[in-house]
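Asks: Residue strings, one per chain:
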Amino acid sequence: MFRIIRIAGNSLYPKIKPGDYVIIYKPPWLFNSIIRGDVVVFNQRILGRMIKIVDSKNTEKGELSVSGLHSDSTNSNSFGVINKEDLIGKVIWHIRGNK
Amino acid sequence: MIYKVLSSIDKKVNFEVAQAHCDIPCGIYDPHRAQLAALTVIRMVDLMEGLVKEHKTDTLEFQNSMSRYVAVKEEHAEICKHEIRVIWGDYLKANHLEKYPQVHGLVHKIMQLGSKARQTADRETAVNLLDAVNEFAEIFWDTKGVKTKKVKAPYKPEELVVYPDL
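Heads up: the sequence lines are chains A and B, in that order. Adding 1 to a residue's 1-based position in the first sequence gives its number in my numbering. Adding 529 to a residue's 1-based position in the second sequence gives its number in my numbering.
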């Protein structure tokens, strides 16, 4: 239910930097609890395990639109929406590195 | 404090990684690091072969040097694979894949050769890895409309490397 994840890449910089750790949590009610602005970890079919910020939630379809913090970050416009089945967890704790 | 503890544990258990893709440095892609890593793998094999020929193998000094060469070979074969995966996964787009349909097969070949280069001390495998990475570099630069040239690296192991002809 809890997992420790190490971050690679700068998509969420300066909020979350590469090398930082996050603790994620996945309760059975995860999708229902997600709101805009939450940071979530998910599996993307092609790109693999990713971390992004939730832009919007479509409760009926069970889908999330996500993005990074930069105009050139990959986001749901490029790789599509995230199905709730692909969610790995929501970040509940961020442990910053020393950089 | 917590970060240091997690970092120490991470080194032992290797936590899962989540990618925050394509960001501030996005758009900066270059196969050169993969080529350097492949060259390093060849160089380490050469050094390992030289060490066996020139030194007694039952000395502490031999063991120390051999361990270091093996460790660097391991590290750079993995760097090579990583760099190619990033360009393949993040940079190459559908139109590139249509134009260069051999890319998937080539990347898979590089992954296999990179693993074999770690598992063995076979120079031919290491050279094949560099050759495949060079082929990938030619495709990469062609996607940018940049011509390439193949020249001998001005340092050992002095193998041929594809450079952008800028």
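Derived from the structure by calculation, the hints contain no laboratory data. Remember, it's a predicted structure, so these values are computed and weren't measured experimentally. Ideal placement from N, C-alpha and C gives every residue a C-beta, glycine not left out. There could be a bad hint or two in this list.
[Claimed, not checked] Listed below are the simulated SDA-like cross-link pairs for lysine to any residue, each with C-alpha atoms no more than 20 angstroms apart in a straight line:
#1 A:Lys27 to A:Arg37
#2 B:Lys673 to B:Glu603
#3 B:Lys676 to B:Glu653
#4 B:Lys685 to B:Leu535
#5 B:Lys622 to A:Lys27
#6 B:Lys533 to A:Ile24
#7 B:Lys678 to B:Glu688
#8 B:Lys622 to A:Asn78
#9 B:Lys645 to B:Glu603
#10 B:Lys541 to A:Phe3
#11 B:Lys533 to A:Glu64
#12 A:Lys18 to B:Lys678
#13 B:Lys622 to A:Ser79
[Said to hold, decoys possible] Each pair of labels, with its calculated beta carbon distance range:
#14 B:Ile531 to A:Ser34: 34 to 44 angstroms
#15 A:Ile36 to B:Pro630: 35 to 45 angstroms
#16 A:Ile36 to B:Pro683: 39 to 49 angstroms
#17 B:Lys582 to A:Asn78: 51 to 61 angstroms
[Stated by the list, open to error] Here are some, though not all, of the chain A residues that point toward chain B, as calculated from beta-carbon distances under 8 angstroms:
#18 Met2
#19 Leu31
#20 Ile35
#21 Ile36
#22 Gly38
#23 Arg46
#24 Ile52
#25 Val55
#26 Asn59
#27 Thr60
#28 Val82
#29 Leu88
#30 Ile93
#31 Ile96
Asks: None of the hints should be skipped; say for each whether it holds.
Replies: Going through the hints against the structure:
1. Straight-line distance between C-alpha atoms of A:Lys27 and A:Arg37 comes to about 17 angstroms, which keeps the hinted pair within the 20 angstroms bound.
2. In summary, the hint linking B:Lys673 to B:Glu603 is not supported, as the alpha carbons are separated by about 31 angstroms, beyond the 20 angstroms threshold.
3. Between the alpha carbons of B:Lys676 and B:Glu653 the distance comes to roughly 28 angstroms, so the proposed pair goes past 20 angstroms and is violated.
4. Between B:Lys685 and B:Leu535 the CA atoms are separated by roughly 39 angstroms; this puts the pair beyond 20 angstroms, and the hint is violated.
5. Distance check on the hinted pair: B:Lys622 and A:Lys27 sit about 33 angstroms apart at the alpha-carbon level, beyond 20 angstroms; violated.
6. For the proposed pair B:Lys533 and A:Ile24, the alpha carbon gap of about 15 angstroms is at most 20 angstroms, so the pair holds.
7. Distance check on the hinted pair: B:Lys678 and B:Glu688 sit about 13 angstroms apart at the alpha-carbon level, within 20 angstroms; holds.
8. Only pairs whose Cα atoms come within 20 angstroms are accepted, and B:Lys622 paired with A:Asn78 is accepted, the gap being roughly 15 angstroms.
9. Under the criterion of a C-alpha separation no larger than 20 angstroms, the hint pairing B:Lys645 with B:Glu603 is consistent with the structure, at around 10 angstroms.
10. The straight-line distance between the Cα atoms of B:Lys541 and A:Phe3 is roughly 19 angstroms, inside the 20 angstroms bound, and the hint therefore holds.
11. The suggested pairing of B:Lys533 with A:Glu64 is violated, with an alpha-carbon distance near 36 angstroms, which exceeds 20 angstroms.
12. With a C-alpha separation of about 37 angstroms, the suggested pairing of A:Lys18 with B:Lys678 is violated against the 20 angstroms cut-off.
13. Proximity of B:Lys622 to A:Ser79 is assessed by CA-CA distance (about 11 angstroms); at most 20 angstroms being required, the pair is judged to hold.
14. A hinted range of 34 to 44 angstroms for the beta carbons of B:Ile531 and A:Ser34 is inconsistent with their spacing of about 25 angstroms.
15. Checking the proposed 35 to 45 angstroms range against A:Ile36 and B:Pro630 shows it holds: the Cβ atoms sit about 43 angstroms from each other.
16. Separation of A:Ile36 from B:Pro683 is about 57 angstroms and departs from the stated range, judged on CB atoms against 39 to 49 angstroms.
17. Hint check: B:Lys582 to A:Asn78, Cβ distance near 58 angstroms, so the stated range 51 to 61 angstroms holds.
18. A least Cβ separation of about 14 angstroms between A:Met2 and chain B goes past the 8 angstroms threshold, and the interface hint is therefore violated.
19. For the restraint placing A:Leu31 at the interface with chain B, the shortest Cβ-Cβ distance is roughly 16 angstroms, beyond the 8 angstroms limit, so the hint is violated.
20. The closest approach between the C-beta of A:Ile35 and any C-beta of chain B is roughly 16 angstroms, which is over the 8 angstroms cut-off, so the hint fails.
21. Because the closest C-beta pair between A:Ile36 and chain B is about 20 angstroms apart, greater than 8 angstroms, the hint is violated.
22. Of the supplied interface hints, the one on A:Gly38 is violated, with its beta-carbon coming no nearer than about 16 angstroms to a beta-carbon of chain B, more than 8 angstroms.
23. Given the 8 angstroms rule on beta carbons, the hint for A:Arg46 is violated: about 12 angstroms separates it from the nearest Cβ of chain B.
24. Interface hint at A:Ile52: satisfied, since its Cβ lies 4 angstroms from the closest Cβ of chain B, which is below the 8 angstroms cut-off.
25. Hint status for A:Val55: violated, given a least beta-carbon distance of 14 angstroms to chain B, over 8 angstroms.
26. Because the smallest distance between the Cβ of A:Asn59 and any Cβ of chain B comes to about 22 angstroms, over 8 angstroms, the interface hint for this residue is violated.
27. Given the 8 angstroms rule on beta carbons, the hint for A:Thr60 is violated: about 24 angstroms separates it from the nearest Cβ of chain B.
28. Hint on A:Val82 is violated. Least Cβ distance to chain B is approximately 16 angstroms, over the 8 angstroms limit.
29. Contact between A:Leu88 and chain B, as hinted, is not supported at the beta carbon level, the nearest pair being about 12 angstroms apart and thus beyond 8 angstroms.
30. Interface restraint check: A:Ile93 against chain B, minimum CB-CB distance 14 angstroms, threshold 8 angstroms, status violated.
31. Of the supplied interface hints, the one on A:Ile96 holds, with its beta-carbon coming within about 5 angstroms of a beta-carbon of chain B, less than 8 angstroms.
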